[in-house]
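**Student:** Could you put together the complete structure from these sequences and hints?
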Amino acid sequence: MRLQNAYFEKDNDATTGSKGDYIYRESDEAGNEIISVMFEMKNEGDETATKKKNEDFLRELDKDRAEKKCEYAVLVTLLEAENELYNAGIVDVSHKYPKMYVVRPQFFIPMITLLRNASMNSLKYKAELSLVRNQNIDITNFEDNVNKFKEGFAKNYDLASRKFKTAIEEIDKTIDRLQKTKDALLSSENSLRLANNKTEDLTIKRLTRGNPTMTAKFAELPDTDKTIYR
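Using our numbering, the letters of the sequence shown correspond one by one to residues 1 to 230.
Just so you know, these hints were derived from the structure itself, not from any lab.
Values in this document were obtained by computation on a predicted structure and should not be read as measured data.
It is possible that some hints are incorrect.
Claimed, not checked - Computed list of lysine-lysine pairs in DSS-like fashion (alpha-carbon distance at most 27 Å, straight line): (1) K52 / K124; (2) K10 / K53; (3) K63 / K52.
What the hints assert, rightly or not - Pairwise CB distance ranges (calculated): (4) L114 / N43: 20 to 26 Å; (5) A118 / N156: 49 to 55 Å; (6) A81 / M120: 32 to 38 Å; (7) N134 / L159: 35 to 41 Å; (8) G45 / A88: 19 to 25 Å; (9) E60 / K163: 56 to 62 Å; (10) E151 / N121: 36 to 42 Å; (11) N134 / E84: 33 to 39 Å; (12) E60 / N87: 41 to 47 Å; (13) R59 / N134: 33 to 39 Å; (14) K148 / D56: 34 to 40 Å.
Using N, Cα and C, we set each Cβ at its ideal position, and we do this for glycine too.
**Tutor:** Encoded structure:
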């Protein structure tokens with residue numbers, strides 16, 4: 001099958017540790033990929049296929065497809081020759097591995113044709129998406145700048161909020177200390193008032209009460225002097 005901007009060749013790149021058998025890729029005039037398929041071929045004569053089932057190769061095929069950035073994966077197999085499921089036609093195993101199919105060799109070309117036709121139907125949307133993406137580079141950069149501003153603002157707000165909370169806590173502590181100081185001063189004022197009252201109530205008579213010597217001395221004072229100490 002000869003198609004413009006398409007190639008079908010053996011996968012010789014084993015830098016990732018494994019490789020598939022063949023890769024089919026096709027792009028449009030603008031370079032947009034139409035389809036890419038990783039193929040794995042298995043038959044009873046393969047040394048690695050001895051007493052193996054088709055399902056034994058699906059995981060490795062999915063890994064190869066992902067590493068080579070292919071959209072689809074297809075196992076072309078002669079294994080399990082008596083299996084009616086595989087003999088019936090194209091088997092979709094995408095419920096186990098995304099976009100993967102198992103076919104007999106006679107469905108090899110029809111499989112490519114089906115996948116290519118499906119991809120051609122979506123090519124229009126892929127091209128439009130690419131165009132929109134290119135046109136929106138400035139918008140994307142603008143959105144990135146807005147997001148960076150939001151992130152920076154959020155960090156600054158969080159920092160200011162924590163500092164504000166700390167300041168409020170310190171104010172509350174200061175108010176509490178001032179209240180305690182106020183309570184202590186009021187208590188001291190009350191004690192001074194009581195002491196002053198006791199001082200004002202102090203007389204010589206009270207001081208000499210029960211002291212015969214001082215009472216006698218006080219009695220010897222002239223009456224004019226006694227009034228001073230009453």
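**Student:** For the pair we were handed, K10 and K53, check the Cα-Cα distance against 27 Å.
**Tutor:** Holds. K10 to K53 sits at ~23 Å (cutoff 27 Å).
**Student:** Check the following: the C-beta atoms of R59 and N134 are separated by a distance inside 33 to 39 Å.
**Tutor:** Since the Cβ atoms of R59 and N134 sit about 37 Å apart, the hinted range of 33 to 39 Å holds.
**Student:** Compare the distance between the alpha carbons of K63 and K52 with 27 Å, and conclude whether the hinted pair is satisfied.
**Tutor:** At roughly 19 Å apart (the allowed maximum being 27 Å), K52 and K63 satisfy the hint.
**Student:** Using the C-beta atoms of E151 and N121, is the stated range 36 to 42 Å upheld?
**Tutor:** holds (41 Å)
**Student:** Could you check the hint for me, namely that N134 and L159 are 35 to 41 Å apart, CB to CB?
**Tutor:** holds (39 Å)
**Student:** Please test the hint of 19 to 25 Å on the beta carbon pair from G45 and A88.
**Tutor:** holds (23 Å)
**Student:** CB of E60 to CB of N87, is that within 41 to 47 Å?
**Tutor:** violated (23 Å)
**Student:** A range of 33 to 39 Å was offered for this pair. Does it hold for the Cβ distance of N134 and E84?
**Tutor:** For E84 against N134, whose Cβ atoms are near 50 Å apart, the range 33 to 39 Å is violated.
**Student:** Determine whether the Cβ-Cβ distance between K148 and D56 falls within the hinted range of 34 to 40 Å.
**Tutor:** The hint (34 to 40 Å, Cβ to Cβ) is violated, given that K148 and D56 are roughly 49 Å apart.
**Student:** Looking only at beta-carbon atoms, does the pair A81, M120 fall within the given range of 32 to 38 Å?
**Tutor:** holds (34 Å)
**Student:** Does the Cβ pair L114, N43 satisfy 20 to 26 Å?
**Tutor:** With a Cβ separation near 23 Å, L114 and N43 satisfy 20 to 26 Å, so the hint holds.
**Student:** Is the distance from the Cβ of A118 to the Cβ of N156 consistent with 49 to 55 Å?
**Tutor:** Since the Cβ atoms of A118 and N156 sit about 51 Å apart, the hinted range of 49 to 55 Å holds.
In this structure, the earlier hints numbered 1, 11, 12, 14 are contradicted, and the remaining ones agree with it.
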